[in-house]
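For reference, the chains in residue letters:
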Amino acid sequence: MDGTIDYSGFTLEELRQAARGIDQEQYPRNYRNILAAKKWLGADQAETLISGEKQERRLESLSFHSDGSEYFRIWIVNICLSIITLGIYSAWAKVRRRRYFYRHTRLCGDNFDYHANPVAILKGRLILLPLLAAYLYGDFFVPGLTLGTFVLIIFLLPFLLVRAATFNNRNTSYRNIRFGFDGASKQSYKMFFKYGLISVASLGIASPIMEFARRRFVIENSRYGSARFSFAGEFGAFFKIYFFAGLMIAIGVFITTFFINQLESLIRSIFDVPYDPESLGFLVYLPVVLIGLTYFAAMVYASVRAGNYMFSHTSIGDRSIEANLSVRKMVYIQFTNMLAIIATLGLFIPWAHVRVHRYRVAHIFVDVGGGLDDFIAGEKQDADALGEEAGDFFDFDFGI
Amino acid sequence: MNKVDARFFDGKSSRGSDVEVELIENSGIRVAIQGKILDFPIDAISVECPVGDSGYLIHLPNDAVLHIGRSDPMADWCRPFAVAGMNSISLFERRWPYAIAALFVVIASGWWALTSGIPIVAKYLAKAMPNEIEFFLSKQGMNLLDHQFFGESELDPLRQRQIGNLFASMFEETELADRLTLLFRKGNILGANAFALPSGTIVITDELVEMSAHDEEIIAILAHEVGHIDQQHSIRMLLQSSGSAALFVVLTGDFGSAALLGASIPTVLVHNAYSREFETEADDYAYRFLDSQGIARHRFADILLRLEQEHGNGDGSAISGFLSSHPRTGDRINGPRPGQNGD
Numbered sequence: 000m001d002g003t004i005d006y007s008g009f010t011l012e013e014l015r016q017a018a019r020g021i022d023q024e025q026y027p028r029n030y031r032n033i034l035a036a037k038k039w040l041g042a043d044q045a046e047t048l049i050s051g052e053k054q055e056r057r058l059e060s061l062s063f064h065s066d067g068s069e070y071f072r073i074w075i076v077n078i079c080l081s082i083i084t085l086g087i088y089s090a091w092a093k094v095r096r097r098r099y100f101y102r103h104t105r106l107c108g109d110n111f112d113y114h115a116n117p118v119a120i121l122k123g124r125l126i127l128l129p130l131l132a133a134y135l136y137g138d139f140f141v142p143g144l145t146l147g148t149f150v151l152i153i154f155l156l157p158f159l160l161v162r163a164a165t166f167n168n169r170n171t172s173y174r175n176i177r178f179g180f181d182g183a184s185k186q187s188y189k190m191f192f193k194y195g196l197i198s199v200a201s202l203g204i205a206s207p208i209m210e211f212a213r214r215r216f217v218i219e220n221s222r223y224g225s226a227r228f229s230f231a232g233e234f235g236a237f238f239k240i241y242f243f244a245g246l247m248i249a250i251g252v253f254i255t256t257f258f259i260n261q262l263e264s265l266i267r268s269i270f271d272v273p274y275d276p277e278s279l280g281f282l283v284y285l286p287v288v289l290i291g292l293t294y295f296a297a298m299v300y301a302s303v304r305a306g307n308y309m310f311s312h313t314s315i316g317d318r319s320i321e322a323n324l325s326v327r328k329m330v331y332i333q334f335t336n337m338l339a340i341i342a343t344l345g346l347f348i349p350w351a352h353v354r355v356h357r358y359r360v361a362h363i364f365v366d367v368g369g370g371l372d373d374f375i376a377g378e379k380q381d382a383d384a385l386g387e388e389a390g391d392f393f394d395f396d397f398g399i
Numbered sequence: 000m001n002k003v004d005a006r007f008f009d010g011k012s013s014r015g016s017d018v019e020v021e022l023i024e025n026s027g028i029r030v031a032i033q034g035k036i037l038d039f040p041i042d043a044i045s046v047e048c049p050v051g052d053s054g055y056l057i058h059l060p061n062d063a064v065l066h067i068g069r070s071d072p073m074a075d076w077c078r079p080f081a082v083a084g085m086n087s088i089s090l091f092e093r094r095w096p097y098a099i100a101a102l103f104v105v106i107a108s109g110w111w112a113l114t115s116g117i118p119i120v121a122k123y124l125a126k127a128m129p130n131e132i133e134f135f136l137s138k139q140g141m142n143l144l145d146h147q148f149f150g151e152s153e154l155d156p157l158r159q160r161q162i163g164n165l166f167a168s169m170f171e172e173t174e175l176a177d178r179l180t181l182l183f184r185k186g187n188i189l190g191a192n193a194f195a196l197p198s199g200t201i202v203i204t205d206e207l208v209e210m211s212a213h214d215e216e217i218i219a220i221l222a223h224e225v226g227h228i229d230q231q232h233s234i235r236m237l238l239q240s241s242g243s244a245a246l247f248v249v250l251t252g253d254f255g256s257a258a259l260l261g262a263s264i265p266t267v268l269v270h271n272a273y274s275r276e277f278e279t280e281a282d283d284y285a286y287r288f289l290d291s292q293g294i295a296r297h298r299f300a301d302i303l304l305r306l307e308q309e310h311g312n313g314d315g316s317a318i319s320g321f322l323s324s325h326p327r328t329g330d331r332i333n334g335p336r337p338g339q340n341g342d
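Line by line, the protein sequences are chains A and B. 199 is the number that numbering that gives the first Met the number 0 gives to position 200 of the first sequence; each next residue is one higher, with no gaps. 309 is the number that numbering that gives the first Met the number 0 gives to position 310 of the second sequence; each next residue is one higher, with no gaps.
Treat the hints with care, as some may be off.
Stated by the list, open to error - Straight-line C-alpha distance at most 35 Å; calculated DSBU-like pairs for lysine-lysine:
id	chain 1	residue 1	chain 2	residue 2
1	A	Lys379	A	Lys189
2	A	Lys122	B	Lys122
3	B	Lys185	B	Lys126
4	B	Lys2	B	Lys35
5	A	Lys193	A	Lys122
6	B	Lys35	A	Lys379
7	B	Lys126	A	Lys122
8	B	Lys11	A	Lys379
9	A	Lys379	B	Lys2
10	A	Lys239	A	Lys328
11	B	Lys2	A	Lys122
12	B	Lys122	B	Lys138
13	A	Lys185	B	Lys11
14	A	Lys379	A	Lys328
15	B	Lys185	B	Lys122
16	A	Lys185	A	Lys239
17	B	Lys138	B	Lys126
18	A	Lys379	A	Lys122
19	B	Lys185	B	Lys138
20	B	Lys11	B	Lys35
21	A	Lys328	A	Lys185
Claimed, not checked - Reference listing, derived: stretches of chain A covered by chain B, where coverage requires no fewer than 3 residues with Cβ under 8 Å from a Cβ of chain B:
id	stretch
22	63-71
23	75-84
24	100-109
25	139-146
26	172-184
27	363-377
I should point out that these hints are in silico values taken from the structure, not numbers from a laboratory. Note that CB positions come from ideal geometry on N, CA and C, so glycine has one too.
Start from the sequences and build out the full structure, keeping to the hints where you can.
Structure, rendered in structure tokens:
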């Protein structure tokens, strides 16, 4: 009879033999019980593949194991040290902040880690500092310098993207296996040129395709150890997200401007306020606030949905990733963060970062069926921090 | 028993194993890995400090690592092996007293930078800037004012010429004499007002001329505006505001949206404080000028009081004093206090 054998007394080796020998078609329950017993004996020793049979898919989320007050101490001590050292320590501070987040983020009980060399970051910053100064203040001294710097950065962007992705992946590890990046600058320039041209030609309507192509490029050239990332998404679905975000803003602006005028005359007629530009002055700010909030919600919507879409169509080797962050929750978190940061004059920033990170990682899932033991280290890579720091300085998003 | 549980990763595959690590009399560690006992002398390993309570990382030869949880009571025997500098930083990061001390250092130095450091740097930068920038900014500013607010002056051309001549003769001995230009405009909703553009152009509204009871009052107001130009207040304001935002981003070392939001808070607060300081500087300049020309100080006070009545600000509450961009009129009409005459 199927399902009657008790496998709980079996050793792992006996279970393996049983799994190989069993006729799955005839005894599906027994087969499932064997797999369950094997999993129970420890994912560490289990094999992903048994004589060509693929393991069951089992999604597990990432998790974050720390709290805001622990991060606050790290954050403030590092800012203080950066001040005392006149900014030199800021490179070390950056590494420690990242390391804090990576090391407290776990998957299947083991944490991620961040390995960037602070000296490399410091070098990158020293190279970029004159560029940033020229960009921000150049026009005060030499008219046109700001624009010149901007154009230079735009031309370097494809190159910087590759450097940033290489640096970040190379310096990220899980279970002592590094991530890596194989994209080449040449491909990156081709991609920027092609999709940049499409964006311009469509008068900006198709501009999300640039964002889509950039993210796909980063994903498809990433690897964990020797396991390459792959991406199976399409631009149509991605474009819809940005289209709805644009629609949200348009509707918000329309409703606000249309109804504010009505509201003003309504209030005047109900409360019998005589016409005086001062008396209902607050109504001037109302549309600004409402449109601002709509814009904020639309931005969160686009970033959450686009992130979900990209993650959920990504696989590492043959293991898929899923993400199901909720727009409503994220709007709530970001909005309350914003209020708290204002109310505390910035002291809430560490808690704000922890809240967002905790929520985000808890809604990213990886197929860990059969354990995560079968990844092999890839080739070693060297990377400088130029691209990564440029992303920081000029506020470009180089991430997935 | 110097034994501690650890996770071992060989760096070749993602397989991790639970191992036991034993400390041998300060000479090294002994690890039991997959049935084999391996000894690592101290100089073959390096210990990495925890960040928060993330635990210690021991790097073994050939890219292998041991990860020891901080929660393990034995974990702290790793400390003596770790790099000394990072060890103490890791300690600072975990204890509240250090964090509170750091907070005070950050607040104090931030305060110093906002109130002294940035203004001083901005002053020197403003001096170093080429004049073209001031002309460029002024042209833009004037276009905006003309387009948005001003109307053509309806003042009698004779009166315009009279004030113009007075202005020219009064200020011909100042260093700025050949840059100063006086323009007349109708203020409309800006009412009785005067504006100084960094290039040396001063705009006075018809309403202000009409409000004045004596030509010396107009001179006093113009002297205040010349003070703004002399001290390069527009450029310094621009530099200081962007400088305080940049400072915040650099301090927090954080370039994300949360930091940008945080950066906008001090910017708003200090903008008004900077503005009040500049007004006081310009007042000081005006009083000194009046003294040098033998004009009674109350001329400036008289017109300020009338301006206040028209604009209805400066009610004297602490909040408006802090948040408003002009100093309280009560403070302004008493003139420069002793010791505030410098530059």
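Structure-based check of all given hints:
{"no.": "1", "hint": "A:Lys379 x A:Lys189", "in the structure": "holds (26 Å)"}
{"no.": "2", "hint": "A:Lys122 x B:Lys122", "in the structure": "holds (30 Å)"}
{"no.": "3", "hint": "B:Lys185 x B:Lys126", "in the structure": "holds (33 Å)"}
{"no.": "4", "hint": "B:Lys2 x B:Lys35", "in the structure": "holds (16 Å)"}
{"no.": "5", "hint": "A:Lys193 x A:Lys122", "in the structure": "holds (32 Å)"}
{"no.": "6", "hint": "B:Lys35 x A:Lys379", "in the structure": "holds (28 Å)"}
{"no.": "7", "hint": "B:Lys126 x A:Lys122", "in the structure": "holds (31 Å)"}
{"no.": "8", "hint": "B:Lys11 x A:Lys379", "in the structure": "holds (12 Å)"}
{"no.": "9", "hint": "A:Lys379 x B:Lys2", "in the structure": "holds (33 Å)"}
{"no.": "10", "hint": "A:Lys239 x A:Lys328", "in the structure": "holds (21 Å)"}
{"no.": "11", "hint": "B:Lys2 x A:Lys122", "in the structure": "violated (41 Å)"}
{"no.": "12", "hint": "B:Lys122 x B:Lys138", "in the structure": "holds (22 Å)"}
{"no.": "13", "hint": "A:Lys185 x B:Lys11", "in the structure": "holds (31 Å)"}
{"no.": "14", "hint": "A:Lys379 x A:Lys328", "in the structure": "violated (39 Å)"}
{"no.": "15", "hint": "B:Lys185 x B:Lys122", "in the structure": "holds (33 Å)"}
{"no.": "16", "hint": "A:Lys185 x A:Lys239", "in the structure": "holds (30 Å)"}
{"no.": "17", "hint": "B:Lys138 x B:Lys126", "in the structure": "holds (20 Å)"}
{"no.": "18", "hint": "A:Lys379 x A:Lys122", "in the structure": "holds (21 Å)"}
{"no.": "19", "hint": "B:Lys185 x B:Lys138", "in the structure": "holds (18 Å)"}
{"no.": "20", "hint": "B:Lys11 x B:Lys35", "in the structure": "holds (18 Å)"}
{"no.": "21", "hint": "A:Lys328 x A:Lys185", "in the structure": "violated (40 Å)"}
{"no.": "22", "hint": "63-71", "in the structure": "holds (count 4)"}
{"no.": "23", "hint": "75-84", "in the structure": "holds (count 9)"}
{"no.": "24", "hint": "100-109", "in the structure": "holds (count 3)"}
{"no.": "25", "hint": "139-146", "in the structure": "holds (count 3)"}
{"no.": "26", "hint": "172-184", "in the structure": "holds (count 4)"}
{"no.": "27", "hint": "363-377", "in the structure": "holds (count 6)"}
Of the hints listed earlier, those the structure fails to meet are numbers 11, 14, 21, in rising order.
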